[in-house]
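Engineer: Residue numbers (my numbering), protein chains in the order written: chain A, 1 to 588; chain B, 589 to 1067.
Treat the hints with care, as some may be off.
Across the chosen pairs, the derived CB separations fall in these ranges [what the hints assert, rightly or not]:
{"hint": "1", "chain 1": "B", "residue 1": "D899", "chain 2": "A", "residue 2": "T512", "range": "52 to 60 Å"}
{"hint": "2", "chain 1": "B", "residue 1": "R744", "chain 2": "A", "residue 2": "N33", "range": "47 to 55 Å"}
{"hint": "3", "chain 1": "A", "residue 1": "K46", "chain 2": "B", "residue 2": "D781", "range": "30 to 38 Å"}
{"hint": "4", "chain 1": "B", "residue 1": "S884", "chain 2": "A", "residue 2": "D105", "range": "17 to 25 Å"}
{"hint": "5", "chain 1": "A", "residue 1": "S99", "chain 2": "B", "residue 2": "I590", "range": "47 to 55 Å"}
{"hint": "6", "chain 1": "A", "residue 1": "K204", "chain 2": "B", "residue 2": "P896", "range": "51 to 59 Å"}
{"hint": "7", "chain 1": "A", "residue 1": "P563", "chain 2": "B", "residue 2": "G742", "range": "51 to 59 Å"}
If we take Cβ atoms under 10 Å as the criterion, some of the chain A residues that face chain B in the derived model are [what the hints assert, rightly or not]:
{"hint": "8", "residue": "T56"}
{"hint": "9", "residue": "S274"}
{"hint": "10", "residue": "K566"}
None of these hints come from the bench; they were simulated from the model.
Fair warning: this is a prediction, and the values are worked out from it, not measured in the lab.
Ideal Cβ placement from N, Cα and C applies to all residues, glycine included.
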Amino acid sequence: MAKENVIFGINGPVVTVKNSKDFSMMELVFVGNFKLAGEVININEKFTTIQVYEETTGLRPGEPVVGTNSTMSVTLGPGIMSNIFDGIQRPLFDIEKQSNDSFIDKAADVSVLSLERVFDVNVIISKGEELLPGQIYATCKETEVIIHKCLVPPNISGKVVKVSKSGKYKVNDTIAVIKNENSNIFNLTLCHKWPIRIPRPVAKRLGANIPLITGQRTLDTLFPIAKGGAAAVPGGFGAGKTMTQHQLAKWCDADIIVYVGCGERGNEMSQVLSEFSELIDPKSGRPMTDRTILIANTSNMPVAAREASIYTGITLAEYYRDMGYDVAMMADSTSRWAEALREISGRLEEMPAEEGFPAYLPSRISEFYERASRSKTLCGLEGSITVIGAVSPQGADFSEPVTQNTKRFVRCFWALDKSLAYARHYPAVNWMTSYSEYFNDLDSWFTKNLGYEFIDYRKKINEILHEEDKLMEIVKLVGADVLPDNQKLVIEIAKVIRVGFLQQNAFHKEDTFVNLEKQKQMMRVILYLNQKAKHLISSSIPISSLIKLGLFEKLTKMKYDIPNNKLEMFNDYIKEIDEKFETIFKKV
Amino acid sequence: MIIDYVGAQEISGSLVVLNNIKGASFEEMVEIRLKNALKRYGRIIQIDGEQVVIQVFEGTHSLSLSNFSTRLTGHPMQISLSPEILGRTFNGAGKPIDSLGEVFALTKRDINGKPMNPVSRIYPRDYINTGISSIDVLATLIRGQKLPIFSGSGMRHNDLAAQIVKQARISAENKDNFAIVFAAMGVKNDVADYFRRSFRKSGVISKTVTFLNLSNDPIVERVLTPRCALTTAEYLAFELNKHVLVVLTDMTSYAEALRELSSSKGEIPGRKGFPGYLYSDLASLYERAGMVKQSSGSVTQIPILTMPNDDITHPIPDLTGYITEGQIVLDKSLAGKGIYPPVSILSSLSRLMKDGIGDNFTRHDHPSLANQLFASYAKVMDVISLASVIGEDELSSIDRKYLKFGRLLESKFLNQAFDENRSIEQSLDFAWLILSTLPKSELDRIDDKLLDLYYRDENKIKQGKAVLNAALNDISKED
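Model the full structure from these sequences, guided by the hints.
Structural biologist: The structure is reproduced here in structure tokens:
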């Protein structure tokens, strides 16, 4: 028998084994008598270095380290949906049930997917059929709204030699047996494993030309994101990153939400849990939790598992994309993940680059965001993963390495602004520093579905906001009173746009989600007011008398006053503008 | 078999390196026995085969390479707990210093605690009435929340914390169920004394557990102090079902102690010399607040930290803000105007507030009112910066109204006496009264129904002033 490998040194989450040649890079290992999960991260002649995913208190040198010959993987199969996992895919509800305690014990030994739950499986292959990688061989109802499609693992193919009938099965029951060209036999159960650090293959990447509709006006009109795109939401503390992420998770039009709480607050996760189970999805009439997967690695949970949680999340997202779903993944916050990299890198005494972050930070960030895409899957369906990553820059300084490197690899940048947040202007997306590079890809979709006006309105709104920004420089120096009336109008209209359009109340029933048609109509009415008022002002009617009409205020509040399903009311607004302006024009 | 290891390989700062140690476990406690039979304690912080690095809590002074022996205790750092700890005082490492003897331990707990399972948490929703207008209306404290006070030297953060402890109530609550855990880290003797006097005065001293690590006590113990305190708090809350308020002061000293230890271990520093794991370390403290399904108690944390050079982007306040559920920021310029508590309205925030106010909690107009106050006060700041350029006289009439609104808000609403306890209705009515000095058309965050109910036009203001004066009279009579 080979010599047993034992712990030599311990330093925080990093454990070393001396003189061993048994381990391979990224191998999953179990450390010590408690069998703590860990991953091999460095091997040299003298030492094998392991990062341990759990608290290492109480480990002793001489305790065994056992390899598994497989890399860190997740289990993919029915039962993932609606569940909440920690960073290395241990189900938190089951841990609670097993320990009957509110605190997480070390080395909780629970199965990822329930072994007892029975699924009504519909087998759709027959004996003798040739199965290709990624092909669907069975389906079952996972929740009320999600049909789970069991996929042949992407690295396996072969001829079906044995197949079970449709019926009731548990996760580990064999559904089919296939044999490949080399006569190797594989059992297909309802689940399979996939390493978290390797992207699941797709047949072809498709263009990002369908928007992810979020119902948030600033994002949908000014800075749209495509399905399969990637966006970053940077902002200092209190700027509303988490609120924005929650709003997106609740309202965006993806089929499935993967929400990764990476190194964030425990109470936030319990809020997501309680809110999502109460929130009824208007599309299906079922709770949000029916199509949500949560990964919770709160800031007080072990740091190495925090590093893994992002990969766990994206691998689960890829699995559901491969079934042909549109998945949106929220990662809150990627900075905590980067800091976990830094912390482990520091323990390994690697040479630090910028601000102590390891030199491989940019490549890790790009690898992660590149896993977002809209693709044709191996089984011929279309699916997408949209990644929305929060970034928590130190001291709200956007020039720090994580923000800068993220900026290079995402095409949507929703910069949250502290001063907007201070004035409780939410979402605090700064319209001057944010950008989206998806306009060109998405314009044809917008034109087709909402008419060319939508793009035209957006352009005009943007122009007004930029002009206001310039004027504000002057106002800050000399006050608004000295401006000529036509410039005062720009400031007044910009105020309507800012407060009445860009600012959106997440707690208001009508305002928390707004469909694109209403967004368009709102822009239309605001721009109509602008155009008419401009006309009157050029006929030397003072702006003060226009403001007295109360139209500007009324438009500011139309987001609350016009329900999502009564868009014809916008015509009344246009009529009112016409009438009131008419009377004032006649008076003069 | 107990083995005493005699002598050491190396001594540096608070660290001792020993060779040929067998069976040591990571983070294990050790006893160090000196020749004169005195004992010190330490903790194993690194193991390389048979070489271990020990951190000595009471410091390494007068240790030589040969004049002491080391014994492994076989368990990590623990603290003895029983219901009798209420009213007791301990040092930073959890040893009694009130000459009442050792605690008879009903149970012993690892001071590092265990992470709370997110699914076992109850999302906090019960608001705590602190009787302080600025906090109750604009940054509402919620039971189970961690809400730090960001202060600077020279400001009255200690008074504010003492006032919160004294006045914090939940309507119709059972007062017996209440406990306070106070942890002083690196604070001056007078400050610790001030807190204990104020606890005694408000009659809560018998429900208070105190951990003192004063500024001249060893820094190694300072790193343990909050852990001892929070382990105690968790015991009181989750086993004895009490509502525990934890006051931790000063987190800046704590983080600096951590930096000192980290550099003596030769670790690679991150920002401003603080170790790269400062975020994780602070989180392991702050996250020990909340409520769980399995118990009816709660842990609410009020950490106090002084921002070095009043810089909110300094790593300590910065990382704290990313972990805690909001922050109460004290502002030096307000303090300079003689306003107490000098709560900076715009940068203060309570993240849990939105679910604990409004209908069924405080009053239905509270959310919109708070929103409007923030928005209007932000405008005040713009006007002030404009006024500093063009002078107040040149301002438009509406801008002048904003200036007046800002001054009233600061002097009447923010400003209150140290022993003034305002009810939530009082605070909200005050705010409406002051908000009504602005024209109705400026209030764009409040819908018309609420404005009709609460906005005070000229007549109503006169009535309101009478009400206000009567209220003020009542308060002064009570004193």
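Engineer: Work down the list of hints and note, for each, if the structure agrees.
Structural biologist: Hint-by-hint comparison with the structure:
no.	hint	in the structure
1	B:D899 - A:T512: 52 to 60 Å	violated, 36 Å
2	B:R744 - A:N33: 47 to 55 Å	holds, 53 Å
3	A:K46 - B:D781: 30 to 38 Å	violated, 55 Å
4	B:S884 - A:D105: 17 to 25 Å	holds, 23 Å
5	A:S99 - B:I590: 47 to 55 Å	violated, 33 Å
6	A:K204 - B:P896: 51 to 59 Å	holds, 55 Å
7	A:P563 - B:G742: 51 to 59 Å	holds, 53 Å
8	T56	holds, 5 Å
9	S274	holds, 5 Å
10	K566	violated, 17 Å
Going down the numbered hints, you'll see the structure goes against 1, 3, 5 and 10, while the others check out.
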